[in-house]
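Visitor: These are the residues of each chain, in order.
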Amino acid sequence: MRPLCASALSALALFAALSAQEAAYDWKLPKGFPKPFVPADNPMSAAKVELGRYLFYDTRLSVNGKQSCASCHRQELAFTDGRAVGVGATGELHSRSAMSLVNVAYSATLTWSNPELKSLEEQALVPMFGEHPVELGLRQGGKFLSSLRAETRYASLFARAFPDERDPYTIGNIAKAIASFERSIISGRSPYDRYHYDRDDSAVPEAAKRGEVLFFSQHISCFRCHGGFNFSDAGFHNTGLYSVAGAPAFSAPNVGIYEHTHEPLDIGRFKTPTLRNIALTAPYMHDGTVATLEDVIDHYAAGGRAHGTTNKDHLIGGFALSAKDRNDLVEYLESLTDDQVIHDLRFSNPWQ
Amino acid sequence: MLRRGLIVAAVCAGLVCAQTSAAPAVLVVKGDVANQLTLTAADLTAMPRSKAMIPDPDGTEVEYEGVALADILKRAGAPSGNQLRGDALASYVLASAHDGYRVVFTLAEVDASFANEKILIADQRDGKSLFEYQGPFRLVCPGDKAGARSVRMLETLEIVRLKK
Numbered sequence: 001m002r003p004l005c006a007s008a009l010s011a012l013a014l015f016a017a018l019s020a021q022e023a024a025y026d027w028k029l030p031k032g033f034p035k036p037f038v039p040a041d042n043p044m045s046a047a048k049v050e051l052g053r054y055l056f057y058d059t060r061l062s063v064n065g066k067q068s069c070a071s072c073h074r075q076e077l078a079f080t081d082g083r084a085v086g087v088g089a090t091g092e093l094h095s096r097s098a099m100s101l102v103n104v105a106y107s108a109t110l111t112w113s114n115p116e117l118k119s120l121e122e123q124a125l126v127p128m129f130g131e132h133p134v135e136l137g138l139r140q141g142g143k144f145l146s147s148l149r150a151e152t153r154y155a156s157l158f159a160r161a162f163p164d165e166r167d168p169y170t171i172g173n174i175a176k177a178i179a180s181f182e183r184s185i186i187s188g189r190s191p192y193d194r195y196h197y198d199r200d201d202s203a204v205p206e207a208a209k210r211g212e213v214l215f216f217s218q219h220i221s222c223f224r225c226h227g228g229f230n231f232s233d234a235g236f237h238n239t240g241l242y243s244v245a246g247a248p249a250f251s252a253p254n255v256g257i258y259e260h261t262h263e264p265l266d267i268g269r270f271k272t273p274t275l276r277n278i279a280l281t282a283p284y285m286h287d288g289t290v291a292t293l294e295d296v297i298d299h300y301a302a303g304g305r306a307h308g309t310t311n312k313d314h315l316i317g318g319f320a321l322s323a324k325d326r327n328d329l330v331e332y333l334e335s336l337t338d339d340q341v342i343h344d345l346r347f348s349n350p351w352q
Numbered sequence: 001m002l003r004r005g006l007i008v009a010a011v012c013a014g015l016v017c018a019q020t021s022a023a024p025a026v027l028v029v030k031g032d033v034a035n036q037l038t039l040t041a042a043d044l045t046a047m048p049r050s051k052a053m054i055p056d057p058d059g060t061e062v063e064y065e066g067v068a069l070a071d072i073l074k075r076a077g078a079p080s081g082n083q084l085r086g087d088a089l090a091s092y093v094l095a096s097a098h099d100g101y102r103v104v105f106t107l108a109e110v111d112a113s114f115a116n117e118k119i120l121i122a123d124q125r126d127g128k129s130l131f132e133y134q135g136p137f138r139l140v141c142p143g144d145k146a147g148a149r150s151v152r153m154l155e156t157l158e159i160v161r162l163k164k
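In the order they appear, the protein sequences are chains A and B.
Going by this note's numbering, the first sequence opens with residue 1, and the numbers climb by one from there.
Going by this note's numbering, the second sequence opens with residue 1, and the numbers climb by one from there.
These aren't lab readings, by the way, just hints derived from the structure by calculation.
There may be inaccurate statements among the hints.
[Claimed, not checked] Short, incomplete list of chain B residues facing chain A, as computed with Cβ under 10 Å:
no., residue
1, GLN134
2, ARG149
3, ARG152
[To be verified] Covered stretches of chain A, going by a simulated chain B footprint (3 or more residues, C-beta under 8 Å):
no., stretch
4, 207 to 214
5, 217 to 223
Cβ atoms here follow ideal geometry from the backbone N, Cα and C, with glycine treated the same way.
My request is simple: use the sequences and hints to build the entire structure.
Guide: Here you go:
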């Protein structure tokens, strides 16, 4: 009995410690935003978020010191990079564009087309060590850990983030800290939020209000995929970008979640991105082949651009709208831009 | 810009143009009833008022205020209470939104003698008027598990008695 009691007590103590740590973290959540899911083995703490911020902006986390996470996830662009597709530290072009990290804490799945990837801690390892494509180009057992140990500022940052560990300089802890920082990047202070949650009727222009009517209209129905407080249904849809038989077709590695499910109907199904800060994240779609928001709306108005057998979602049926309507929709989408999140010093480069 | 303009023009030419304006500020009650009604916001304000809570799509609980759908149907002369028998039980309300969205309620499920669902025609949200994309009137169905019958931009209620 005694050892069992002791282990139960220590488990309780650990649980209490984790709960206290979690409870101590102030999310500063905007109105209407639920508390994000946090894995039990990586509770949020201000110290871990701060360490994650330093790591996120540290170019020592790339094979040649040329890139950091922030190279593809720039704060001023709502943590995207403005490119059609990403470029790795060694210059390798990626097949898909960098997704925004804003409100990523609310994403049930991560990246454009992997329904199995649900943990930010796990995902953080992909750009660090992935080879297809090479992103940061690190190697397990490489020298980057010793370069981090050599940085004096990390001594206290690691110690505060992982106070119970004798040697906190581990890849697992780096992933945990970066994931914690990413979870902390919450955006919900756009003009739309002031209008919607604070009922400040002057926060958005009348054109944006008309655009909202269109957004929620039966004919256009943007909200069916881009619904909820984060403007995403967390689903995967084929939006008629390419055909599945006939040219141009979805081709490897850009075949959507089919890459993982091997279900033919999943060809071309990519994740619904959030529309928050969408005006900052051009170019659009998984491969960055749609340049502007106006072009995105034209794409959906035309019912997609693919011909032949498309597999496209039944919601991509096309709709009619005037030039004024399109402008109103763009105004509505622009009202989702949160100036605070792109200027918030808590998310900025601490090395500068 | 020219290319985009052409695309929009071509799309408009090929399809029925979407209903894009805000909904009118009246609610029309029509169909197989003695009194066809055209109700304004002032008319609803003058009727007995009720409140109900339903969540927004983001999960936020919102308090709506308005008039019971049952009261409006009664005012229009639709069968209610003891009158809900025989053919009247094969009658329904077709609720249509400004953008063409439509749902159906049987008269029985609206009536307190049959059901507990207190459906509202709401014109207030947390003490303020509805957002343009919701109002000026909307249905609020607090007893529904899904939100799809809580029609936004409600424009008409048509009472239909099945004839066959």
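Visitor: Which numbered hints does this structure break?
Guide: 2
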